[in-house]
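Just so you know, the sequences run in chain order A and B. 1 is the number of the first residue of the first sequence in this note's numbering; add one for each residue after it. 1 is the number of the first residue of the second sequence in this note's numbering; add one for each residue after it.
Honestly, the hints are just simulated from the structure, not real lab data. Take the hints with a grain of salt, since some may be wrong.
Once the Cα atoms are required to be at most 35 Å apart in a straight line, the calculated DSBU-like pairs of lysine-lysine come out as [as the list claims (entries may be wrong)]:
hint, chain 1, residue 1, chain 2, residue 2
1, B, 468, B, 9
2, B, 214, A, 249
3, B, 210, A, 5
4, A, 336, A, 434
5, B, 92, A, 9
6, B, 214, A, 214
7, B, 111, A, 10
8, B, 214, A, 95
9, A, 111, B, 5
10, B, 210, A, 249
11, A, 9, B, 95
12, B, 10, A, 9
13, B, 8, A, 9
14, B, 9, A, 317
15, A, 10, B, 92
16, A, 5, B, 95
17, A, 210, A, 10
18, A, 10, B, 8
19, B, 5, A, 249
2 protein chains.
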Amino acid sequence: MASIKDLKKKYREFSMLISAISLMGWDQRTYMPESGADHRSEAFGFVYSDLFRRATSDETGQLLSDLSEPGVYSSLSAVEQSMVDNAMRQYKRFKAIPPGLMHRFAVLSSKCEKIWETARKRDDFSMFKPHFQELLLMVKEMAKHYGYEENPYDALIEGYEPGMTASKLRKIIEPLRDFLVPLVEDLLMRSKSKNQLPSKGHYPRNLQQKLFLKVLDVLGFDFTRGRIDETAHPFTTTIGPGDIRISTKYPENDFTMGFFGTIHECGHAMYEMGFDENLVYTPVHNPASLGIHESQSLMFENHIGRSLPFLTYFYPKIQETFSPRLSEVSLRDFYKAVNTVSRSLIRIDADEVTYNLHIIIRFELENAMVNNMLEVDDLPAAWNEKYKQYLGVEPPNYADGVLQDVHWSSGMVGYFPTYMLGTLYSAQLFAKAKHELNGLEQGLMDGDTGPLVRWLRERVHKPGATHKPEKLIELVTGEKPDPKYFMDYVKHKYSEIYR
Amino acid sequence: MASIKDLKKKYREFSMLISAISLMGWDQRTYMPESGADHRSEAFGFVYSDLFRRATSDETGQLLSDLSEPGVYSSLSAVEQSMVDNAMRQYKRFKAIPPGLMHRFAVLSSKCEKIWETARKRDDFSMFKPHFQELLLMVKEMAKHYGYEENPYDALIEGYEPGMTASKLRKIIEPLRDFLVPLVEDLLMRSKSKNQLPSKGHYPRNLQQKLFLKVLDVLGFDFTRGRIDETAHPFTTTIGPGDIRISTKYPENDFTMGFFGTIHECGHAMYEMGFDENLVYTPVHNPASLGIHESQSLMFENHIGRSLPFLTYFYPKIQETFSPRLSEVSLRDFYKAVNTVSRSLIRIDADEVTYNLHIIIRFELENAMVNNMLEVDDLPAAWNEKYKQYLGVEPPNYADGVLQDVHWSSGMVGYFPTYMLGTLYSAQLFAKAKHELNGLEQGLMDGDTGPLVRWLRERVHKPGATHKPEKLIELVTGEKPDPKYFMDYVKHKYSEIYR
Chain A
1 MASIKDLKKK YREFSMLISA ISLMGWDQRT YMPESGADHR SEAFGFVYSD LFRRATSDET
61 GQLLSDLSEP GVYSSLSAVE QSMVDNAMRQ YKRFKAIPPG LMHRFAVLSS KCEKIWETAR
121 KRDDFSMFKP HFQELLLMVK EMAKHYGYEE NPYDALIEGY EPGMTASKLR KIIEPLRDFL
181 VPLVEDLLMR SKSKNQLPSK GHYPRNLQQK LFLKVLDVLG FDFTRGRIDE TAHPFTTTIG
241 PGDIRISTKY PENDFTMGFF GTIHECGHAM YEMGFDENLV YTPVHNPASL GIHESQSLMF
301 ENHIGRSLPF LTYFYPKIQE TFSPRLSEVS LRDFYKAVNT VSRSLIRIDA DEVTYNLHII
361 IRFELENAMV NNMLEVDDLP AAWNEKYKQY LGVEPPNYAD GVLQDVHWSS GMVGYFPTYM
421 LGTLYSAQLF AKAKHELNGL EQGLMDGDTG PLVRWLRERV HKPGATHKPE KLIELVTGEK
481 PDPKYFMDYV KHKYSEIYR
Chain B
1 MASIKDLKKK YREFSMLISA ISLMGWDQRT YMPESGADHR SEAFGFVYSD LFRRATSDET
61 GQLLSDLSEP GVYSSLSAVE QSMVDNAMRQ YKRFKAIPPG LMHRFAVLSS KCEKIWETAR
121 KRDDFSMFKP HFQELLLMVK EMAKHYGYEE NPYDALIEGY EPGMTASKLR KIIEPLRDFL
181 VPLVEDLLMR SKSKNQLPSK GHYPRNLQQK LFLKVLDVLG FDFTRGRIDE TAHPFTTTIG
241 PGDIRISTKY PENDFTMGFF GTIHECGHAM YEMGFDENLV YTPVHNPASL GIHESQSLMF
301 ENHIGRSLPF LTYFYPKIQE TFSPRLSEVS LRDFYKAVNT VSRSLIRIDA DEVTYNLHII
361 IRFELENAMV NNMLEVDDLP AAWNEKYKQY LGVEPPNYAD GVLQDVHWSS GMVGYFPTYM
421 LGTLYSAQLF AKAKHELNGL EQGLMDGDTG PLVRWLRERV HKPGATHKPE KLIELVTGEK
481 PDPKYFMDYV KHKYSEIYR
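Here chain A stands alone, though its shape is the one from the complex (with noise of 0.2 Å):
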């Protein structure tokens, strides 16, 4: 008789494999000696097909399937099916892709983002893409694979944000869209100069470094179950239950980088350490979605990081670090400048109101291509015209434009939307954290963030992957996702920054 025990001691022994990959990933990125690149290549490979091959062996897929009989998938509490749910959607996705064409879209994927880096450095797109149409036809063969039933970006989707479609995106971009796009022109109407940082100058590392574990300790990072290092892209890695490690960068003329993404990361590994701990190891004991996950990583950049409330109590710890350099600087004049709305090429550097826009514009042109509708050799002209359309920009050049992010020439299509579906989910739920808890911003003030940390930890963090993202937003805001707490958001604080 299958049991859930056995699914949990399957999971358990994933989990040990997954581990000791997320560890070769760290290192690779933080510490690893040039020269063992090759090295490392082949060892994370080894380890991940031999995760694969477990995860899909006959034995899991029995395992699951007798799991998911009704008779004893009945007797199943509400939580451990959501187990078998889970571990039957990964098995699934994994055995929809003959193993050949897995292995062909990793060489390829792998060789395209290659290309990609050097096509980015000499602005040339030609030379990008033949290798992108073959990709993209093979994403196509995946989609069908996977299998979907209105359009085959679900089916990718689907690999990121569990229940998330097209269309539903559609109906949450359209007013989304229609509303940013008027603000924008509003706000920069009423300022025409663009707040400059005045931030710039020599911030030393090492008071930056002090900085950052300060502003850590405020928002409660556990130092005993984590870590922080310095990478060139920041990132969040779980290595184990008690082993959430974040990464950022101290470039020296600029400390509101490496500061806010610092938080950012910090909103990633609190979800991270937040699952609650009697679902270890099991196929719960994840995210939700990855829209989820960005959820809590901008709630903490945003709603908390660059809110007037926690700048209120963190900005003067911030003058005093580099002193003399910003006590010429007002709490009002700092909060303006790392919250200034500007039309940019570049959706890494844009900010809270336009940053949707570049996801916007990339799910509508991968979307478009996924269906047919937009040949790859017409893509940067789709691309410059619809940042023409939303932004008012019009990139320069291929590197500034249709190739500045990383994610299509990986194969990551349908990626993308998380991103905005996380500005909304913070949005929403942080207008329900509001609600609910009486003096939410006179706490912050107070650079206590205890009684939010908790709420989320409680609400959002313990349940890890048990509900899908829409279901989980829905239990907790008591709503379905819905963009207008983001555009109320956005509307009220950029309305009072620009008034």
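Fit chain B to the given chain A structure using the hints.
Chain B only, in chain A's frame:
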């Protein structure tokens, strides 16, 4: 038909798992947050078990047995034969111990080591005794399973120093002991006052770091293939062929500990970095033995690092680094201070001359215990007796006496002699290098370690485990291992220092 290719393929796979295991071990000692410990143990154990299962599988056994068939074996090259021999030796040792016993040993030795930690802190031998008695019984049982001709001790040391036996050791130890005991007496007669290190004082961590990087650079440590980190207990570990890592520490009251420790670990790392790259991932891309390994660390630490020629070159850089702290300490005084002979209780604090007496004591005691000539009950008294006899000191407590080392508590019996063999091999190899390389010492005075390093690489490092240690020494020096080189070396060096 079994082929050497199959063996190479298998070992390549094992190497990937060994790499994951090594990385987990490295991370545990360097950067892992404290709450990651339990998970790490489990993940480590899981991957280790997986490796063990593969290494002891029937398939591996069959392959090795096929390759050992005279018809097949004789068709292999000498290096390939040594691959088979090494793999077979490892396989047989793994298989010799019944899985139940191996498991009980793993559990008990881990427990016993923990108890030793506490017992040492509390200076309580009686607390340690029953567990060590039980562990020793198990070690003797394992020796029976491994098999031996003369002495169960031989079965144990074979795991660390292939080909070595208690009787061979005794032939080395007797003249060595008879030489060392009066030598120490004589040296200390000449200078009653212990040469105080003139270097005590405040040596900032960041300056030590800079200095250690400089010395590693002079010694030829390749930072594209390695790195250095800080740990409580310095060590060297290989993550992969292009990724060999050392660690050190920076106590601010005495930089010499970390300085010579760094040079010591550099020697270990140079060995691992020097294996022939054509042998990569094979059973012989490994150290010949722990004794040979130690000979390389001691070559760097003592024959280079603590030598007058090298310090003639490097001491001015030390003075400069900590300027003006050491400006009044002459080269000669520094040289004497870091080569001071003293009767100490603690092995790891011992100088080059007395060090082997500590090892000889341990060998004599463990050999007696394994042969039922000494009961654990009587161990502390026997320990103190030998310290009095050989070193003229008597431990005032257990912590600085019989409980000072971790080895026995973790079941490592037969390990200590490899430290001594390292001192002998290093002296014999250095004597040969000096003979073959013109101007070796003049080179060291100019900070040019290149000729010696290349000589070591070609003669000692490249072969890896192709030869057993005794054979390797013979191939390189034209003679079997002989303690006379070590005796000549210390006699000459310390007579001059204590003249």
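To see whether the hints hold, each was checked on the structure:
1. B/468 <-> B/9: It holds: about 23 Å lies between the C-alpha atoms, which stays within 35 Å.
2. B/214 <-> A/249: OK: residue 214 of chain B and residue 249 of chain A at ~26 Å, within 35 Å.
3. B/210 <-> A/5: violated, 54 Å
4. A/336 <-> A/434: It holds: about 23 Å lies between the C-alpha atoms, which stays within 35 Å.
5. B/92 <-> A/9: holds, 31 Å
6. B/214 <-> A/214: Distance of about 33 Å is within 35 Å: holds.
7. B/111 <-> A/10: holds, 27 Å
8. B/214 <-> A/95: violated, 53 Å
9. A/111 <-> B/5: holds, 29 Å
10. B/210 <-> A/249: Within the cut-off at roughly 22 Å; holds.
11. A/9 <-> B/95: Roughly 27 Å separates the two Cα atoms, so the pair holds.
12. B/10 <-> A/9: holds, 28 Å
13. B/8 <-> A/9: Answer holds: residue 8 of chain B to residue 9 of chain A is near 33 Å, not above 35 Å.
14. B/9 <-> A/317: violated, 58 Å
15. A/10 <-> B/92: Satisfied, since the Cα-Cα distance of roughly 31 Å is no more than 35 Å.
16. A/5 <-> B/95: holds, 32 Å
17. A/210 <-> A/10: violated, 42 Å
18. A/10 <-> B/8: The hint holds at about 30 Å.
19. B/5 <-> A/249: Measuring from Cα to Cα gives roughly 46 Å; hence the hint is violated.
In this structure, the hints that do not hold are numbers 3, 8, 14, 17 and 19, in rising order.
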